[in-house]
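A.B. asks: Each chain is listed here by its residues.
Number of protein chains: 2
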Amino acid sequence: MMFLQFKQYLYTMQRALCVAVFLFVAAMCPKVIAAQHPNLVITASDVVAMRQAMTQPGLFQDAFRAKVADVDQLLLEPVDIPVPLHAGGGYTHERHKNNYKLMFNAAVLYQLTGDVKYANHVRDMLLEYAKLYPTLPIHPQKKSSNAGKLFWQGLNEAVWLVYTIQAYDAIIPALDDATRQTIENGVLRPVALFLSEQSPHTFNLVHNHGTWATTAVGMTGYVLGERDWVEKALYDLEKSGKGGFLRQLDELFSPAGYYNEGPYYQRYALMPFVTFAKAIEVNEPERKIFEYRDGIVLKAIETTIQLSYNNLFFPLNDAIKSKGIDTIELVNGVAIAYGLTGETGLLSIAQQQDQILLTGDGLKVARAIEQGLATPFDFKSIAFGDGADGMQGAFVVMRQRNHGDQALVFKATAQGLGHGHFDKLNWQFYDTDEEIVSDYGAARFLNVEAKFGGRYLPENKTYAKQTVAHNTLVVDEISHFEGITKEGNKHHPELLFFGNHERVKIAAATIDSAYPDTAFTRTIALLNLAPEKSLVVDVLSAESDSVHQYDLPVHYQGHLIETNFELNTQLSALTPLGQDSGYQHLWLKSSATPKGPLAKVTWLNKNGRFYTLTALQSQGTNVLFTQLGANDPQFNLRAENAFIFRVANAKSHDFVSVLEPHGEYNPSKEYTLTGSSQVVDLIHQRHDEVQVIEVSFNDGSVYVLAFHLGQESEGMHAFIHKGQKFQFSSHFQLFDIQ
Amino acid sequence: MMFLQFKQYLYTMQRALCVAVFLFVAAMCPKVIAAQHPNLVITASDVVAMRQAMTQPGLFQDAFRAKVADVDQLLLEPVDIPVPLHAGGGYTHERHKNNYKLMFNAAVLYQLTGDVKYANHVRDMLLEYAKLYPTLPIHPQKKSSNAGKLFWQGLNEAVWLVYTIQAYDAIIPALDDATRQTIENGVLRPVALFLSEQSPHTFNLVHNHGTWATTAVGMTGYVLGERDWVEKALYDLEKSGKGGFLRQLDELFSPAGYYNEGPYYQRYALMPFVTFAKAIEVNEPERKIFEYRDGIVLKAIETTIQLSYNNLFFPLNDAIKSKGIDTIELVNGVAIAYGLTGETGLLSIAQQQDQILLTGDGLKVARAIEQGLATPFDFKSIAFGDGADGMQGAFVVMRQRNHGDQALVFKATAQGLGHGHFDKLNWQFYDTDEEIVSDYGAARFLNVEAKFGGRYLPENKTYAKQTVAHNTLVVDEISHFEGITKEGNKHHPELLFFGNHERVKIAAATIDSAYPDTAFTRTIALLNLAPEKSLVVDVLSAESDSVHQYDLPVHYQGHLIETNFELNTQLSALTPLGQDSGYQHLWLKSSATPKGPLAKVTWLNKNGRFYTLTALQSQGTNVLFTQLGANDPQFNLRAENAFIFRVANAKSHDFVSVLEPHGEYNPSKEYTLTGSSQVVDLIHQRHDEVQVIEVSFNDGSVYVLAFHLGQESEGMHAFIHKGQKFQFSSHFQLFDIQ
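Just so you know, the protein sequences line up as chains A and B, in that order. For the first sequence, full-length UniProt numbering assigns the number 1 to the initial residue and increments by one for each residue that follows. For the second sequence, full-length UniProt numbering assigns the number 1 to the initial residue and increments by one for each residue that follows.
Accuracy of the hints is not assured; some may be wrong.
[Unchecked claim] Between beta-carbon pairs, the in silico distance windows are: (1) B:Pro-458 - A:Gln-678: 42 to 50 Å; (2) A:Asp-433 - B:Ile-484: 40 to 48 Å; (3) A:Tyr-671 - B:Ile-683: 49 to 57 Å; (4) B:Glu-532 - A:Met-391: 48 to 56 Å; (5) A:Asp-62 - B:Asn-666: 33 to 41 Å.
None of these hints come from the bench; they were simulated from the model. Heads up, the beta-carbon is just placed ideally off N, CA and C, and yes, glycines get one too.
Bound-form chain A, shown alone:
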């Protein structure tokens, strides 16, 4: 034990000494490494500045020292370049991932410290890769058309090269020509060619897999002096401009910087976009890549941040719910954006990320934070138009500060390709740091091998993507577009309007292609009423010429507290609600046929607030309470709760409801405030093209929200309500009538 402690002590001392020597050497001879390399995300002049910063106490020095400690520890382990065998989460997969990260980090430390042990380790690993790679067939666990050799997916192979080419670029000054030849010919060129010439489908694809491939190949082109590869990366293999990085920038983002697969993949997609853009800027500033398409790369970074709540991304479409703004992709994005723009709001995001990059931009961020320049990031209410033209529906975020932060998300986007869910006009609500009306996200345990190899679980398709897993209309227990992605990709909703006033954020959208003969239109608003009183208003109108069953689920987060109607709960036997389209996974726990004009359901969220959804109740509407988990042999699904408003036989139906946050449950301080709903009445009326929602509270206050969905919304709209004349211009207005 004593001996071990002594060894540990020696090791610590040795490391401290090394750091001190590096700092000294770095300060004395800032130009020991050739200026031509590195020249991708990090440049030779960045290195000079970073070497200077390393010697001074502060965030950057802390990050540098932490990295030295990490990497030095890893350098003690033998080089292991195993023959690829496993899928995501398995040993060889994780090893090759760890290898590229280690090469990248060690190479950066070589630049910063000048210590050849770092360069030598990277060199040794690359020489092993150069031996292995030419012998590899396609990966044995190949699961998709985009297969790799080192990894089961070509996607991972491209990521490997993005990191590795940066590592190689940084250690070039330490390599002799013969070694360079061996590495370049043994592995770098073969991987680049495998990702481009030999995988034309993926390389030319306007899709995030394509972006990783073009980024990897383009950056390799810069380093190896293959300018033709750069051209192909930018314009596709035929240099036609039909594919390639620029086309990806044109098509994968909307004009506002929204990525068509949704927030989770926007975050993921961001990495190659910002990395390659930075490398292009460094190597060919004349391309003015950051000005391309009206600054689309910077817009994409900003939008990625806007698509988050309480540090986590909105989990719409396939999404791991715990993924947040501290993700490395956005750490890179924020640093590069700050380096370009100097926008101080980005610094508060960087503070929450709590991770300083060892790059020139990372250094700028560190310095600015230390100088106290950070300002709060401006989270806004925005309708992000979807599609390359921004006209294929929209992803609408409405926010207000009321008691706590609130965000209402309205997903009126296009399908979002293979990771898209069948959730047209879906919504979500957040309040006081928590999800209140929620989206399941993806059914997946990322990299957990026991859970289907860490891949998307079968239940992702059978449940999470299906319409009933969302808070939107299901007709006849069939998902939108019959759950066929290809059909979904052909269509999109129309955003009718979006309004952002002080007391009213509102959006309306419609779609007539999700079902063969049913169109539906949804208007959803976030209201800021009296102090500390807020309300979500939701009007969903389904229209058809034939009779259907209409279901509208509300997936709520929290514990059911109260209903204002009698529950007929299944006490001693549960069966699934349906057979297909996700319904087979829902246990029917309780059903009810509320008798009054209003149906109320109250739940308590873990944030300590109560939420009541009050719905206008029409003859024969049932409320079904479900819990997720049926037909789930491997316990893959979370036991989440929902209630579903069901109209069994109708041609057309208006679902009208308000969601009301109220009160506080504080068992720690032993009080409970306003545990019951304060909404006493709810009225929905149509006056020609104007719709009116009147909400009355038990304090006597009455509000009328009027809106108009028509095209010609510029004139005045007048209506008589309860004998009183109201009028408004544009699309909507909120009136306090008492």
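Since chain A is already given, all that's left is putting chain B on it; use the hints.
C.D. replies: Positioned in the frame of chain A, the structure of chain B alone reads:
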């Protein structure tokens, strides 16, 4: 809007001015109020010190200013002393609670500022109470034998008086004699008499309801000069010493300061104990109350803190799980204890509580924190003997720091009266800030009127108290003591031994009274193995002369990841596992009959770590996976998960298992480490009186834990294991054999 803002501005300015004037007046004339009052928890000399502290920036001034802001706001509302109508959570209940808090706070501010508006408001409220109280019958919502008049429970009435008498004591200098007579005769004396003479059963009861009553009456005795009331409070109505505060101190705490109802009620019970003790110390220091029974009051405070993990109390017996060390009872306790002892570990608890009291002790805490005196509180591994003699079993807490904080709780206590659960030899495990193997706590939504008036739900009796809701043995699907509290109160387990070594914390206990013909013994240990490797070892032996069904549930927190045996999951129909004793609330989700020698169940907790329970599998042991929620018409229960090891027909059976924390799931940084169990073998052997557990890991390490449950544990115990001779003294030893 502008006008409102201007009013707000004026109000803010006015308040700031008032505070400034108060501070000036307070500094100039520190003796404006008579020295005789107050004289309970706050004394006249405390007031002098506090007035001084208020003038200086710091924690105390902040707390004072915050209190002024709160109280001034509440003073704008009219006095409302409603006729009592509602149960907990209802309007009149909450109003009377808020009233006593406001009176208390306003009275303190009167002392601190000398501003008679505070005293006048308290006076006005008391005069209204003096009018109302004589007219009141027993509360209409009365639910227990201990009824109140202002409240549905006499308990609340006593709490009301504890606060109110302190408020009255503090405003006496502002009252004329006639007003004092009116208030004293109209309400203070009647309430004190109602709580004592007219409620002899509760007043004389050795129980926390009795403590509140004696505290209220005793403190009122000091203020009104009724020394006889003080005597009765200390020794019971007959001054016999069979009841009363001192007897409560003798019997309700064990010698180590453990309260027999468990941590949640320990926290609650603490308030009157520390409050009355402080008042006795102030009024009659010659009683040396804080030295009584070897300093039992201070031990009780310290023990309350020891009974927490990550700021929350261990939720054993009836307990609201979100209750933690920031509870006002412990804020008081910590301040008073610090005032007496100056122990700096208490200051770090006070820092986490983040609440400075406006008392003399609160001021001492504030000053000490500002001086940087806080040191970490020393959380220990302790066996708290239960019962007045400390010999009625024990509440055992075992802790270690390994990767994160770990705590293993072993509940081998006596029943704990009416709030006790039928959970003899139950355990819980915590790791890295979260519950891993859990206890349901109480089925109750405190003060939420929609949930059974905020009282204990029916499911508290039908589920939460039942044995199957816990992690301990159930014989023939019947709870311990057949679920009869009176039976439970007659018996208790025996603690066989408790050991606290560097690498091993261990305890063993046995009980033969929970079932008519089955005794069971449990040995449970927390091991600190190689760096970052830890293990819980659990051996539960059931013994009977006749054949029984033995069930051992494990209530786990997290998502099921993997089993090493095939699951037969119910896909499309769920039914309850049983009919009674809590089994009627468990849906049977899956069942299995593992074939191998080891049965493994792995789950993923929200702390990002994996946990595998590896159990020795004997012929015919089934594993049943359950989810809570059957026979729950009002959705009162949380959908928690468990698996139950079931041996259908056996006279005796050893349940042997180890629980292993491992790996990390990090979807944010996209890696998963060691998602599978590292335990490859588990052996349990008996060598005469020595039992041996051998655990082998996949890194080749092998550990043997030997223990001896017999009485004469002083000599050496030798045994041969795998041909090798081992020996140990005392009760246990851990051997690294490879």
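A.B. asks: Now look at each hint and say whether the structure bears it out.
C.D. replies: Hints and how they fare:
no. : hint                              : in the structure
1   : B:Pro-458 - A:Gln-678: 42 to 50 Å : violated (28 Å)
2   : A:Asp-433 - B:Ile-484: 40 to 48 Å : holds (44 Å)
3   : A:Tyr-671 - B:Ile-683: 49 to 57 Å : holds (54 Å)
4   : B:Glu-532 - A:Met-391: 48 to 56 Å : holds (55 Å)
5   : A:Asp-62 - B:Asn-666: 33 to 41 Å  : violated (21 Å)
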